[in-house]
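> Just so you know, the protein sequences line up as chains A, B, C and D, in that order.
This note's numbering puts the first residue of the first sequence at 1, with every later residue one more than the last.
This note's numbering puts the first residue of the second sequence at 392, with every later residue one more than the last.
This note's numbering puts the first residue of the third sequence at 783, with every later residue one more than the last.
This note's numbering puts the first residue of the fourth sequence at 1174, with every later residue one more than the last.
No lab work stands behind these hints: they were computed from the structure.
Bear in mind the structure is a predicted one, so any value in this text is a computation, not a measurement.
You may find that some hints are simply not true.
Label pairs and their computed distance ranges (CB to CB) [what the hints assert, rightly or not]:
#1 A:P179 with C:P1115: 50 to 56 Å
#2 B:P619 with C:P1105: 42 to 48 Å
#3 D:A1190 with C:A910: 40 to 46 Å
#4 D:A1236 with C:G1025: 33 to 39 Å
#5 C:G883 with B:D566: 52 to 58 Å
Just a sample of chain D residues kept apart from chain A, beta carbon distances all over 10 Å, derived [stated by the list, open to error]:
#6 E1214
#7 A1272
#8 R1323
#9 A1327
#10 P1352
#11 F1396
#12 G1418
#13 S1463
#14 P1482
#15 A1486
#16 Q1533
Think of the CB as a built atom: it goes at the ideal place given N, C-alpha and C, for glycine as much as any other residue.
Each chain is listed here by its residues.
There are 4 protein chains.
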Amino acid sequence: MTLPARPALRVGLIGHAFMGAAHSHAWRTAPRFFDLPLTPELTVLAGRDPAGVAAAAGRLGWADTETDWRRVLDRDDVDLVDICTPGHTHAEMAIAALAAGKHVLCEKPLANSVAEAEAMAEAAERAAGSGVRAMVGFTYRRVPAITLARQLVADGRLGQIRHVRAQYLQDWIADPAAPMSWRLEKDKAGSGALGDIGAHIVDLTQFITGQTLTGVSALLETFVSKRPLPASSGKLGGVGGEGMGEVTVDDAAVFLGRFTGGALGTFEATRFALGRKNAIRIEVNGSAGSLAFDFEDMNVLHFFDGGEPATTAGFRRIVVTEPEHPYVGAWWPAGHGLGYEHGFIHQVVDLVTALAAGEQPTPSFADGLQVQRVLAAVERSAADNSAFTEI
Amino acid sequence: MTLPARPALRVGLIGHAFMGAAHSHAWRTAPRFFDLPLTPELTVLAGRDPAGVAAAAGRLGWADTETDWRRVLDRDDVDLVDICTPGHTHAEMAIAALAAGKHVLCEKPLANSVAEAEAMAEAAERAAGSGVRAMVGFTYRRVPAITLARQLVADGRLGQIRHVRAQYLQDWIADPAAPMSWRLEKDKAGSGALGDIGAHIVDLTQFITGQTLTGVSALLETFVSKRPLPASSGKLGGVGGEGMGEVTVDDAAVFLGRFTGGALGTFEATRFALGRKNAIRIEVNGSAGSLAFDFEDMNVLHFFDGGEPATTAGFRRIVVTEPEHPYVGAWWPAGHGLGYEHGFIHQVVDLVTALAAGEQPTPSFADGLQVQRVLAAVERSAADNSAFTEI
Amino acid sequence: MTLPARPALRVGLIGHAFMGAAHSHAWRTAPRFFDLPLTPELTVLAGRDPAGVAAAAGRLGWADTETDWRRVLDRDDVDLVDICTPGHTHAEMAIAALAAGKHVLCEKPLANSVAEAEAMAEAAERAAGSGVRAMVGFTYRRVPAITLARQLVADGRLGQIRHVRAQYLQDWIADPAAPMSWRLEKDKAGSGALGDIGAHIVDLTQFITGQTLTGVSALLETFVSKRPLPASSGKLGGVGGEGMGEVTVDDAAVFLGRFTGGALGTFEATRFALGRKNAIRIEVNGSAGSLAFDFEDMNVLHFFDGGEPATTAGFRRIVVTEPEHPYVGAWWPAGHGLGYEHGFIHQVVDLVTALAAGEQPTPSFADGLQVQRVLAAVERSAADNSAFTEI
Amino acid sequence: MTLPARPALRVGLIGHAFMGAAHSHAWRTAPRFFDLPLTPELTVLAGRDPAGVAAAAGRLGWADTETDWRRVLDRDDVDLVDICTPGHTHAEMAIAALAAGKHVLCEKPLANSVAEAEAMAEAAERAAGSGVRAMVGFTYRRVPAITLARQLVADGRLGQIRHVRAQYLQDWIADPAAPMSWRLEKDKAGSGALGDIGAHIVDLTQFITGQTLTGVSALLETFVSKRPLPASSGKLGGVGGEGMGEVTVDDAAVFLGRFTGGALGTFEATRFALGRKNAIRIEVNGSAGSLAFDFEDMNVLHFFDGGEPATTAGFRRIVVTEPEHPYVGAWWPAGHGLGYEHGFIHQVVDLVTALAAGEQPTPSFADGLQVQRVLAAVERSAADNSAFTEI
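Let the hints inform the model, and build the full structure from the sequences given.
See below:
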């Protein structure tokens, strides 16, 4: 038996590590729970290592493989290219895919530099003229509690926004003995905590408030500047100091900001917050209400309604699992929570829906570029004695 | 490309409502994240309505359909029958499937009566002699935090168990205007909150403690005895009282119990706890440590280690998303939480693993029968002025 | 300088251990924060040991001492007798004090038996005829969050009550090596966890709901039947088994109950819940709303308003520190929480206010007797195979 | 009866508003629970309005009154002057009191400017030569959970500190219709949220970490620049715009900082965080452990021990009410929480103990000056385009 008859959306995915697995699951699963206007097909998976990509394709459910990502762009049986590789490869791949007339879903951060991101946004704008669409993958927007937060702000339940505070806390390199990785090398990762996780809280706070940051003041810090090379790196040790690699990105980024509507923002992204594994914490205070969210309790949104009488006012713990909540009606009965991967599935839903309607999916490459400009301003401010730096 | 070459496990699923969808997702998804010794195949889906079952099969990913469940048992291309229908049908289906030499996975509660459950357990025991296995679906055992709780008790971290308190709180019929449903009719559902959700906390507390209940003292209550018939029920109203149906099951069940090791238990199952959607709350206090769990925060287990100095002792909020935690290594990095449906996936993993090893999967039908006996003792006690009733 | 000119209320306090210190603090402090109609005077403190009572009186602020409690009743300069001694002494003292024309504040539980409590309630009723008042000290009623809970129920915010669940969890004798104490001897303490802490949750749930229990079904348990005699006990060990004392009270009590309005109740009182120090946890579910309270977070009340739209409904965390909240206006600005001792201060405020108005303070001895009858029914049920026992 | 025979410490208190009431309660109550080496006597209360100060003295327990604060300094029966007036009066009063040979306890912030604070610190240093002591009242240091946090850091349980995040969130002027007050006028209050509440989190984070801030980068914001004059202000309105007053202080302050040990700090102080009443939230992440505290749950400290195995690691919710915890042994049994006012009582305990021992109480005026320098650097940075500004 097959899914309801719908036109196909044939997908080519580049990359099959953590993000590739998450995207594959989303492409496979979205049409099982949502009635999509196009039916995704897992057409081809690209990866450099023939054995690796073949094994991954089998495990993840892809019909075919390529070992050169450019071949994916050449194929007539691919409608959309999904880019799940490290940031330094995004610009080339995305621009080429758009030029080849393929829709593009590109993982965040959009690129490793503003220049690259600008080129990508321009390519996306050009492509849009012929109905080819590009989207950047800030999936946390699709956690139902976050989407609900956006709706409450848009509905005016918070009034004028005064404060935004956002933290993205991890601890996976808090131990100085944790080994080197490409994520700690500037030429591959672009930046450290800033681009990897700071990008998410920049996007999320802008998404929830419907405002953008106008400037920032920042500090960057690298707590551990040298780390052991991983045993599997295959490098031969030389004389003296061999076996250690240099960390060339930030371990942590903290910054202040102002939003277009006048709110103050405080931001912190770090991989050294021992005991916090993936804590995305966002709070917004407005003149009429307040919100609080923590990804460690991802099915919950806290909402304070300033219109309540003092006697019974309090932050409400909204368990965001009701059929009335965003995306939730397609899933389980109330109280049966969702997990990390559902954001990716909802991303597929929104993307496919926009493509079928001939509309621009969000966040667009222009949105991704704007986040990139915030990250660049953070780096400039940090290099300029924390001076407030306009975006 | 295909999954790693493994022998197939060809599945026939009966029922395609809430549980059918959850099981289908699990069969589809388990081999994508876990390296299973057998590869599940979604061979056939059975349902009474031809159009309905065909649509469901397409959406849920089944290759074929049947409109008579007995036909599933006749098929040579089915190795395992998965029963996701209401409780009053379980006994007949499961016994027939085992007799036909099919492995069986049967949703909980095992049956609507002890007599049925006994017959099922006997059938399972007979079938085991020829290597045919039966398992009952208490999936919450496979929530990683619950599995970890079991491990901590088994490792002696709690010492001698003194207290068990368990609540399963929902609120979907708290409103007297909520309509009738088969779940409120004794001949179909067997019992109300007791069998539907009370069964889960009986199983979970016995699983975590490694002990069984020896007796109970109980109260049952039906708060709302008549409810409007649903508009879709198609029943014609007669003279007087038409349009209302009689609730013939319990709305809530509360009971005390004693465990084999001497612990006291308090239990509550209700669908009238306004504001609690699917709150499975379990606490265990022992001589050496304590545990607390709430399904509303399902990725967390709270553990108190009585050996800590008083100055720094406290309940630890363990975020059960580390690679070292049960089942978690197959999923996402630390801090990226799982959802309701993962319990079903883990159930498939354990079931398939046991089948491949020729071992008895747990919980067995004998385990399900034992839970049924507890539920029966609850009903007898409630009918006998709450007298303590042995199991 | 002196407090505002008010008639004096001259107090004689019997007992100067834990409760004596808490009451002394309340008598001293209440007029400093509340504008009382009578000014308490700490006239005399009674205790058996001359040196001990003299030291306590100095430290706690009492003007004079007596070593025989009967002497307090004889004094013309005493208007009210405050009884803070163990339960087996309450009846004699309170009845004599009332007969002597003194108002009485008596610590809970009112007595160690229903018979004693009945005699006390009768004495109180007689005394009331001549304007002499008696009150029992269930101070937790005066925690602002609890008082607010009562108000919300009285205002109809919960609708019809369906569920009450209450736990009083401590762990101070979870260790079998914890020594004997008078609190573990039936002839002094009357009962164990049941009367000591179970009495509080019986009173609190009845206070909050405005209903009384009509019957109970119970289990009692003594986990550790022998304990080492304390080094300071001065008892000479005999031959065999010397050095150990027998625990003659319950270590834990669990019971089910029905309330006058039809609600189901589940109760648990224990001193073996490792990691819980003084956790009084109360939840109430009604047809229109729900409440949750935990004394470990005593300045907070959680309230679910069933009238909220599903999208924004959730338990509100009310921080009960607003000027609009009960008792709070006399204290600090919003957000500056109160502690355990404030319940005692509020008790003084309510008692003094009632006395000045010539009204009956609550809870009365009749209320205390009713709690005693619940405790007795619990014991009868436990002795009668947990049979449901009317009160 | 009297307190144990001890030398007296005769106190003169200046000011009898919120802080005066809190200090009076502390002076009255400390010797009732702690065995102090000196017995505080509430000798004299000073206030400008004769009727007001007389009423306050009676209510708060002071023996005598003065209407000119200088008269308190002249009195031979005063050993210590306790200053509870607005910040712009601190320098003059404290310097004069020290010159008169009186010990001084001065509320925070130490002064409204660095120049004043420097003069005060110099005066304190001079006075110390003759055994006269000065202390500034950062009372939150004496919340037991905070003191415990300091101990854990000092004991090395956190390792090297990497992150400090601190927020002091209130909402009492979030409403633009909230009236003017002296706290919103720069010449009286010195600054707004920065000095009033920001000072506390600067002191607390430095106290807990045992480090000081070396520089800051800051933003200040005034969200509501004009507010209605209070009805009681007695000011005559002029022509045009009468009835509104100008807010000349910050409504909110956010800043980044670096600590001496290399940690990054993020700070936020605001009175516009709707729904947060007095939320002092502090988190510290180190290489070996982490801490989290929120004054909304003031009896709790969360501690993550990085040395725990991953399987059972988690933030421990330490209920800081054990006899082993700082200050707690003098109060109630475990689990019986303390309130806001206890910090002031513990402050008296520590101050009196230091005075009796002839030692410098902490925090000293030098400590208060250092905090003032941080606040000044925040203001300079905000005025200098957020440039990182050394302290």
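> Indicate, hint by hint, whether the structure satisfies it.
Now the hints, each set against the structure:
At roughly 51 Å, the beta-carbon separation of A:P179 and C:P1115 lies within the given 50 to 56 Å, and the hint holds. Range check, B:P619 to C:P1105: about 45 Å between beta-carbon atoms, so the 42 to 48 Å window is met. Between D:A1190 and C:A910 the C-beta distance comes to about 42 Å, which sits within the given range of 40 to 46 Å. The supplied range of 33 to 39 Å is broken by D:A1236 and C:G1025, whose beta-carbon atoms lie about 54 Å from each other.
Distance hint for C:G883 and B:D566: a CB-CB separation of about 55 Å, consistent with the stated range 52 to 58 Å. Every C-beta of chain A lies more than 10 Å from that of D:E1214, the closest at about 39 Å, which supports listing it as non-interface. With a cut of 10 Å on Cβ distances, D:A1272 stays outside the contact zone with chain A, its closest approach being about 42 Å. Distance to chain A confirms D:R1323 as a non-interface residue, since its nearest Cβ pair spans about 18 Å, more than 10 Å.
The Cβ of D:A1327 lies farther than 10 Å from every Cβ of chain A, with a closest approach of about 18 Å, so its non-interface assignment holds. For D:P1352, the requirement that its beta carbon stay farther than 10 Å from each beta carbon of chain A is met, with the minimum near 17 Å. The Cβ of D:F1396 sits about 6 Å from the closest Cβ of chain A, inside the 10 Å cut-off, so the non-interface label is violated. At roughly 20 Å, the least C-beta separation between D:G1418 and chain A is larger than 10 Å, which holds for a residue marked as non-interface.
Distance to chain A contradicts D:S1463 as a non-interface residue, since its nearest Cβ pair spans about 4 Å, not more than 10 Å. Annotated as non-interface, D:P1482 keeps its C-beta farther than 10 Å from every C-beta of chain A; the closest such distance is 14 Å. With a closest Cβ-Cβ approach of about 7 Å to chain A, D:A1486 is found to fall inside the 10 Å limit, against its non-interface label. The Cβ of D:Q1533 sits about 34 Å from the closest Cβ of chain A, beyond the 10 Å cut-off, so the non-interface label holds.
Of the numbered hints stated above, those contradicted by the structure are hints 4, 11, 13 and 15, listed in ascending order.
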